[in-house]
Amino acid sequence: MERTRGMGIRARIARRWENFGLPLLFFVLLVIFSTLSPPFRSAYSLISNFRFSSFIGIGAIGMAFCIMNGDFDISVGSMLSLVAAMGSSFLPKIGGVSAVLFTILFSTFLGFVNGVFVTKLRIPAFITTLGMMFIYRSLAYIYTNNTPVYIENPFWLFLGNGSVLGVPFAIILMLICYVVAFLLLRRSPFGRYVIAVGTNRETAMLSGINVDRTKITVFALVGLFVGIASVVISANLGSANPGMLGQGYEFQVITAVVLGGTALGGGDGNLWGAFFAAMILTYLKNGLGLMQVDSYWQFVAVGLVLIFAVALNRLKFTLLGQRQA
Amino acid sequence: MIKFLKLYEKIGIFIFFVLGSIFLSIASPNFLRGDTILNIVAQGTYGAVVGFGMTLAITSGGFDLSVDAVMALTSVFISILIPLIGIPFAILISLIVASFVGMVNGLIITKLRVSPLITTLAMMTIIRGVALIVAGGKQIVIQQKLFMEVGTGKTLGVPNPIYIMIVLFAVFYFLLYHTAFGRHVSAVGSNESAAKISGLKVDLIKIFVFVIVSFTAGVAGTIRTSQTLIGIPTMSPGFVLVAITVTILGGTSLAGGRGNLWGTLFAGVFISMIYYGLNLIGVQIFYQMLSVGIVLLFALFIDGVRSRYLETMRAKGIKV
Numbered sequence: 001m002e003r004t005r006g007m008g009i010r011a012r013i014a015r016r017w018e019n020f021g022l023p024l025l026f027f028v029l030l031v032i033f034s035t036l037s038p039p040f041r042s043a044y045s046l047i048s049n050f051r052f053s054s055f056i057g058i059g060a061i062g063m064a065f066c067i068m069n070g071d072f073d074i075s076v077g078s079m080l081s082l083v084a085a086m087g088s089s090f091l092p093k094i095g096g097v098s099a100v101l102f103t104i105l106f107s108t109f110l111g112f113v114n115g116v117f118v119t120k121l122r123i124p125a126f127i128t129t130l131g132m133m134f135i136y137r138s139l140a141y142i143y144t145n146n147t148p149v150y151i152e153n154p155f156w157l158f159l160g161n162g163s164v165l166g167v168p169f170a171i172i173l174m175l176i177c178y179v180v181a182f183l184l185l186r187r188s189p190f191g192r193y194v195i196a197v198g199t200n201r202e203t204a205m206l207s208g209i210n211v212d213r214t215k216i217t218v219f220a221l222v223g224l225f226v227g228i229a230s231v232v233i234s235a236n237l238g239s240a241n242p243g244m245l246g247q248g249y250e251f252q253v254i255t256a257v258v259l260g261g262t263a264l265g266g267g268d269g270n271l272w273g274a275f276f277a278a279m280i281l282t283y284l285k286n287g288l289g290l291m292q293v294d295s296y297w298q299f300v301a302v303g304l305v306l307i308f309a310v311a312l313n314r315l316k317f318t319l320l321g322q323r324q325a
Numbered sequence: 001m002i003k004f005l006k007l008y009e010k011i012g013i014f015i016f017f018v019l020g021s022i023f024l025s026i027a028s029p030n031f032l033r034g035d036t037i038l039n040i041v042a043q044g045t046y047g048a049v050v051g052f053g054m055t056l057a058i059t060s061g062g063f064d065l066s067v068d069a070v071m072a073l074t075s076v077f078i079s080i081l082i083p084l085i086g087i088p089f090a091i092l093i094s095l096i097v098a099s100f101v102g103m104v105n106g107l108i109i110t111k112l113r114v115s116p117l118i119t120t121l122a123m124m125t126i127i128r129g130v131a132l133i134v135a136g137g138k139q140i141v142i143q144q145k146l147f148m149e150v151g152t153g154k155t156l157g158v159p160n161p162i163y164i165m166i167v168l169f170a171v172f173y174f175l176l177y178h179t180a181f182g183r184h185v186s187a188v189g190s191n192e193s194a195a196k197i198s199g200l201k202v203d204l205i206k207i208f209v210f211v212i213v214s215f216t217a218g219v220a221g222t223i224r225t226s227q228t229l230i231g232i233p234t235m236s237p238g239f240v241l242v243a244i245t246v247t248i249l250g251g252t253s254l255a256g257g258r259g260n261l262w263g264t265l266f267a268g269v270f271i272s273m274i275y276y277g278l279n280l281i282g283v284q285i286f287y288q289m290l291s292v293g294i295v296l297l298f299a300l301f302i303d304g305v306r307s308r309y310l311e312t313m314r315a316k317g318i319k320v
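Protein chains in written order, with this note's numbering: chain A, 1 to 325; chain B, 1 to 320.
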């Protein structure tokens, strides 16, 4: 926590919020929903929510890197669907371990492709990934002939549903991913390059950072984490549905990153924030569901959360005198 | 070379259009029939209509990802309102609702200072949710067959949507190139700070632009709904891709400031020609999405290469 001496009271509050706000929000959310809905507060519900949050949480890692780097990747939902469908379709032929490996490698490759298009063809990231979003989605449809792929392989299913010593494996996986991401971001030169490029591309370039290589690596990372998340979610659901899987995923993941406190304009970001934000979003959705709220209201709710989160971010940056997106 | 590239912006899509027409007329004897051509153009009208709005938005430096959700919302509203207040008023109210969404978009972008990407991305989800809520999750059948006239009727042998497109084109053309507002929009798109310093009410202009974009989405939604006579809350996901592709393919630069309306018009028809061609080959509908995505990337690539080449020339001091 940095020193707040000399800053006005508003700025101090903003600083405190930056560090404690989200966990606090999460706690408040838990309390509210537990009071309003008995099923919510059962241990089973709390744990399974935690497990579901790994879906958004893991994807949010890659997206956090991407946004910190100054880009967006809105193709992640379709990427998820494509790699899950393809990977799981190979299960009968090459077995669980290979299929999972293929899925993750393939999605990393797709991320790499995104990165190449963005850097070498010099097309703005969001438009490129907008195009790729539709390309990947239609490839998923075409490959599976619009039929879901059902998953029965024990290894694959374990990754999403299994438990180790009572702790869901998905959670362990998410924590491992976050630790790795943290090390990558805060303890390696690469992480510093990512933030530098996101803060000011020209300056980074002049400092000798290979911007293109950094960007491509970041997009490949996005792909990597999407691949892991795709295995988890398809294991959870027991199938990979080319049309439905990952719909709106990009949106949820971006919301998690932004709610977590990462600025949209690039530059330094908040990984653990994304973690808590992912949990908040998952619990919010499930909480609303348990309260018999129309599932369509959930769409509205998440959308509002995003706008609220961005507006809140801006407020925070203004108060702290930091750069705006 | 420079001359060619500058010219490309104006007529590039036209070249594609001509090439495509030649190709299709060789590939299919049916193509040159009046019926077929009118049909293809009619299919292109939704893309073109929303494209006009998107062209305006991109010229002003922003864009709107929520258009397909607005189409769905309009569809739902119309199907609910027609039994209650009759066709003309239903259309009117639905268009007002669509424009209202645009206004909300504009307000969030200007007052809360949220980027257009995030705002319209969030609104897209929110509006879809609203559409589903209003429709109760179902598709609503419209009983009044008369409504079909809007989308499928023909006046003087020409499908009605084409007239709608032409009228809107005329309005947009006038607005963009012959009014102060149009010039202001280009100014905001080229250099927002300069525009603001020059005294232009940038916020108001942006809000107005977003209202117009959503309005065009409402029109497109109306046409679509009238063709199927069903209010569909999940209508056309992914249509935003077509709208943006049509705009960029038409020569409007992503950088903003220069909108190419003729280009959008031809691009709209061109995309419809691609669909027709794909149909001839007999591929599934998913290939349509795939090809539009590829076309978008291709159009962006050309746009990017062109801009950078011209930038480099300009930097070298060569008159561009």
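Careful: at least some of the hints might be erroneous.
In silico DSS-like links for lysine-lysine, alpha-carbon gap of 27 Å or less [stated by the list, open to error]:
no.	chain 1	residue 1	chain 2	residue 2
1	A	Lys120	B	Lys201
2	B	Lys3	A	Lys120
3	B	Lys196	B	Lys3
4	B	Lys196	A	Lys316
5	A	Lys316	B	Lys111
6	B	Lys138	A	Lys120
7	B	Lys3	B	Lys201
8	B	Lys6	B	Lys201
9	B	Lys201	B	Lys111
10	A	Lys120	B	Lys196
11	B	Lys111	B	Lys196
Hints listed in this document are in silico derivations from the structure and should not be mistaken for laboratory results.
Straight-line alpha-carbon gap lysine 196 of chain B to lysine 316 of chain A, limit 27 Å: Answer holds: lysine 196 of chain B to lysine 316 of chain A is near 25 Å, not above 27 Å.
27 Å limit on alpha-carbon distance, applied to hinted pair lysine 120 of chain A and lysine 196 of chain B: 34 Å, violated
27 Å Cα cutoff - pair lysine 201 of chain B, lysine 111 of chain B: 13 Å, holds
Hinted pair lysine 316 of chain A and lysine 111 of chain B, Cα distance within 27 Å: 16 Å, holds
Agreement of lysine 6 of chain B and lysine 201 of chain B with the hint, judged by alpha carbon distance not exceeding 27 Å: 30 Å, violated
Lysine 3 of chain B paired with lysine 120 of chain A [C-alpha distance capped at 27 Å]: 25 Å, holds
Lysine 3 of chain B paired with lysine 201 of chain B [C-alpha distance capped at 27 Å]: 35 Å, violated
Proposed proximity, lysine 120 of chain A with lysine 138 of chain B (alpha carbon, max 27 Å): 45 Å, violated
Proposed proximity, lysine 201 of chain B with lysine 120 of chain A (alpha carbon, max 27 Å): Not OK: lysine 120 of chain A and lysine 201 of chain B at ~37 Å, beyond 27 Å, violated.
Satisfaction of hint between lysine 3 of chain B and lysine 196 of chain B, Cα-Cα up to 27 Å: 32 Å, violated
Hinted pair lysine 111 of chain B and lysine 196 of chain B, Cα distance within 27 Å: Holds: lysine 111 of chain B and lysine 196 of chain B sit about 15 Å apart, inside 27 Å.
The structure fails hints 1, 3, 6, 7, 8 and 10 (numbered hints given earlier, in ascending order).
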